[in-house]
Amino acid sequence: MDKHDGRTAAEPEVGPLDDPWSDALALRWDELDYPTDYGYETHAASAAAPVPKPRSAEHDEVYLAVQRSAAFQEVRRRYRGFVIPATVLFLVWYLAYVIAATAAPHLMALHVIGAVNVAMLAGLGQFITTFFLTWAYARHARLRRDNAALDIRWETQELTGGNLR
Amino acid sequence: MTGDHQSLALILFSVFVAVTLGITTWVSRRRHGSAEEFYAGGRLFSPLENGFAIAGDYMSAASFLGISGLIALFGYDGLLYSVGFLVAWLVVLFLVAELVRNCGRFTLADVLAARMRERPVRIAAGTASVTVSVLYLVAQMVGAGSLVALLLEGAGAQERAWMVVGVGALMVVYVACGGMRATTWIQIVKAVLLMGGAIAMTVLVLTRFHGDINTLLTTAAERSGHGRDFLAPGLKYGGGWTERLDFISLGLALVLGTAGLPHILSRFYTVPTARAARRSVIWSIGLIGGFYLMTIVLGFGAAAVLGSDAVRVSNSSGNTAVPLLALDLGGGAGSTGGTVLFAVVAAVAFATILAVVAGITLASSASVAHDLYATLRRSRRTKPGRVHSEVTVARVAAVAVGAVAIALALLAQDLNVAFLVGLAFAVAASANLPVLLYALFWRRFTTKGAVWSVYGGLVPAIVLVVLSPVVSGSPTAIFPGLDFQLFPLENPGVVSIPLGFLMGWLGTVASSEPADAARHAETEVRALTGAGAA
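The listed protein sequences derive, respectively, from chains A and B.
For the first sequence, the residue numbers in our numbering are 1 to 165.
For the second sequence, the residue numbers in our numbering are 1 to 534.
Since the hints were made in silico from the structure, they are not lab data.
Hints are not guaranteed to be accurate.
Straight-line Cα separation of at most 20 angstroms, SDA-like style, residue types lysine to any residue; simulated pairs [as the list claims (entries may be wrong)]:
1) B:K448 <-> B:V494
2) B:K236 <-> A:L110
3) B:K236 <-> A:A109
Only chain A is shown next, with the shape it has when bound in the complex (with noise of 0.2 angstroms):
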């Protein structure tokens, strides 16, 4: 990327000293003892030279670019494609249970077994489906969203040099 174009040019005496590992490793996120408010400027200061500003245009192009990426692309499809079904599945059952509830008594009062009626049933289903989802919506993530997550993570960060806006 032009960083690396950015530093060569800037710095050509310092050759194959010069590994543009080195400041992303050094920059790692957890190590950094960033200021515990927005004070870019010593953050800045500290930080290498190629390693773009916060809201420069190259910080900028960065996020740009891992957004229109194929990894990422993906990493958002299968957030949504599981959170946004599951949630208007989860609001629909919620509100047509309150709206029973509360216009449909008669319904819900009528009766299964021993003291149990469909109005027990639906509330312990309300607890049941949540436990469910939640079980459902962390096995997800975990198996089909955290590693590629964390790849794009670390990419982004060396790129950007781990700064925070």
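Once you've looked at the hints, dock chain B against the given chain A.
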């Protein structure tokens, strides 16, 4: 209730206060005074710890005493509340927790400021967050006053006022001295106590009925005086269509409001990654779901063991159902077991209020210092020296918010404030949730849309409540003598939540400047992957 219960309950409560003050001193002994430390506890809590803390923040005394009491009096209709409070967590888990953890730093406004013009969105979101927090705080603190009157016999207006002042002063000490780290540990201790108390009571109820849920429900229906109707909806909300619509409105506010509560959102920043935020929500869904299942057993248990009439005689809204049940399950009034169990339940209820109040105070002090003060007072240029000053402002803000809440709670202590919790959820769902979802999911969303969305939800919610029967025009209103009631519902959610979404869309469509594509790209990439997250 005799003096034994009271003194034992007071001793147990004092032990809780001493332990939590000890925790506060311990965790603040080597504080850095950084914003990261004060607002987010250094972001180093584990998912398990944060899961308990979220559950502690969420399960208020209103749930523990109020919902069980409603079930004891009205049967199935009380259960409708618990379902709303639980299902709401799916919105948090699916749409909010991970993305907010990645995009923000300390508050809701951080997420918006990531892609909007900072000044207007911070002021709007900060105002809405403080409004929600203060409504919720006043409800909790008036609740603390009522609780002391319920549980300590002979406590008059004087004692209630001292309770409100005492709870307020303690929470200010916790928050101002210990910040998020102390607040989190208080929530964890409280959640463990509350779950322990609920489990013990549930086991005792089920043992009384030999583990037979069917007998429990049948006995509850018999002793309620309503027969089979007790096990079906309709006893409380089955009146006119206005009442029914009112409950639908409340149900909508409950399920959508949780994801906009500032003190819940700020909890996601206390863990290191989005994945940890997800796992903490999963823990809290388990805890909260289990807890609400137990309140159902306790509520029907109170109806079956005590009878609905006995509960109603003690307190007309049923808030004493669980303490009375504890007295009976422990062996009845005068027995050692009954005394101990009653005292434990009372102490847990006090602890619950204290912890919830501390959590909300911290969140609102963050909104005041990090969003409002930072935007209104400070110049645009950032200097390293301001890091300490913001935390100082936050500590002062905690004291100020505490003082305002104490004053409002003292003024409101004789009023019927039961609607305030529902209102806080409605405001959160109308002002905070639409803007948050638009900012995270809608590419074209603009600053103008964000500002319109916040005020377009906040203002109608407040105005509709002012014009509703809870403020005027009914015998139970705040001003029963006046009548400027225009809006029939007590909860504005069914109107104000769609308005919040609609105004966000209108504002965006009406914007002259398009959305910033680069900042949207950064927000979206960061939200889903964590790249560059704080």
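Quick rundown of the hints versus the structure:
1. B:K448 <-> B:V494: violated (24 angstroms)
2. B:K236 <-> A:L110: holds (18 angstroms)
3. B:K236 <-> A:A109: At roughly 15 angstroms apart (the allowed maximum being 20 angstroms), A109 (chain A) and K236 (chain B) satisfy the hint.
The structure does not agree with numbered hint 1 stated previously, though it agrees with all others.
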